[in-house]
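Chemist: Those sequence lines, one after another, are chains A and B.
For the first sequence, the residue numbers in my numbering are 1 to 150.
For the second sequence, the residue numbers in my numbering are 1 to 143.
Since the hints were derived computationally from the structure, they do not count as laboratory data.
Hints are supplied without guarantee of correctness; some may be wrong.
Said to hold, decoys possible - The calculated lysine-lysine pairs, modelled on DSS-like cross-linking and capped at a C-alpha distance of 30 Å, are:
| hint | chain 1 | residue 1 | chain 2 | residue 2 |
| --- | --- | --- | --- | --- |
| 1 | B | Lys114 | B | Lys133 |
| 2 | A | Lys121 | A | Lys135 |
| 3 | A | Lys81 | B | Lys34 |
| 4 | B | Lys59 | A | Lys93 |
| 5 | B | Lys114 | B | Lys67 |
| 6 | B | Lys59 | B | Lys114 |
| 7 | A | Lys135 | B | Lys87 |
| 8 | A | Lys121 | A | Lys81 |
| 9 | B | Lys128 | B | Lys67 |
| 10 | A | Lys81 | B | Lys59 |
| 11 | B | Lys101 | B | Lys114 |
| 12 | A | Lys93 | B | Lys128 |
| 13 | B | Lys128 | B | Lys114 |
| 14 | A | Lys81 | B | Lys87 |
| 15 | B | Lys67 | B | Lys34 |
| 16 | B | Lys81 | A | Lys135 |
| 17 | B | Lys101 | B | Lys133 |
| 18 | B | Lys114 | A | Lys93 |
| 19 | B | Lys128 | B | Lys101 |
| 20 | B | Lys114 | B | Lys34 |
| 21 | B | Lys59 | B | Lys81 |
| 22 | B | Lys128 | B | Lys59 |
| 23 | B | Lys34 | B | Lys87 |
| 24 | B | Lys67 | B | Lys133 |
| 25 | B | Lys67 | A | Lys93 |
| 26 | B | Lys133 | A | Lys93 |
| 27 | A | Lys121 | B | Lys87 |
| 28 | B | Lys81 | A | Lys81 |
| 29 | B | Lys59 | B | Lys87 |
| 30 | A | Lys121 | B | Lys81 |
| 31 | A | Lys81 | A | Lys93 |
| 32 | B | Lys101 | B | Lys59 |
| 33 | A | Lys81 | A | Lys135 |
| 34 | B | Lys101 | B | Lys67 |
| 35 | A | Lys93 | B | Lys101 |
| 36 | B | Lys34 | B | Lys81 |
| 37 | B | Lys34 | B | Lys101 |
| 38 | B | Lys59 | A | Lys121 |
The model shown is predicted, which means the values in this text are computed figures rather than measured ones.
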Amino acid sequence: MNYLTTRRPMRNLFGLHNEMGRIFGDLFASQEGETDAEESYWMPTVDVSETENDFEIRAELPGVSESDVNVSVTDNRLTVKGEKRQETETDGKNYHRVERRYGSFQRSFTLPRNVETSNIKAGFTDGVLTLTIPKAEEAKPTEIPISINS
Amino acid sequence: MTYLTLHRPAGNLLRFYNPVLAPRGAKADMDAYKWAPSVDVSETADGFEVRAELPGVAKDDLHVSVKDNLLTLSGEKRQEKVDDAQKYRRIERRYGSFQRKFSLPREVEADDIKAEFSDGILTLSIPKSEAAKPTEIPVTTTS
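Go ahead and model the full structure; you've got the sequences and the hints to work with.
Modeler: Dropping the structure here:
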């Protein structure tokens, strides 16, 4: 079976990921190494789920405007990146407390082979980005005739 | 001067510690909740503003109340359910009920607090009362 696999270069910072990994067994093998997210100051939290017909990724992007989010697929890698900006009207404003994280972010997912990458849909409501990735018709084994040269 | 003071039982989870906003509240409060929204608190000449990150929370599940100078933001974040056959492969998001409290300074108009929710951000605008705004005192000379 194929699963959506997450690239998680910042693994050590995310103890929760490891914990979830244990709960789900080895379904989500991590991909170490290659890091485009290391420069990111923060990463959105995501849930990944699967139904009969598709995979779904939901990422929390509160306060991010739609035009600052970019979703792309290259080969079988899906990348969500963008920027979360601090509200612009800061004139005469003093901050007493800043807990929210701002700046650019990026997360990549390795897609299973049996999905239709050209039909991925993206929706954005209440600060949650939802990506729906339809599964393809299961490739059926094909019979290969063998001819014998005598 | 007076400031919005935060009850932050989750103190050690927070990255920033600003001594101006001394923490208040009992640690026991915190243990009942699995998560708390991140907030920014700012101040202008006219009022205070609290912005809380609540992605995926339904407006009807949000509650804001003021009692005895204590502003309470509470609610519940529910997991979206699309399908009974849905299987989760990864869950990083936190769900469940949450609560955060803020001690209001005395010089605010508690009756005029406005709450607005868009793009997963709840913005509370807390106007200062006239008495709290700086007043100019004319300087006179005696002959």
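Chemist: Check each numbered hint against the structure and report the violated ones by number, ascending.
Modeler: none
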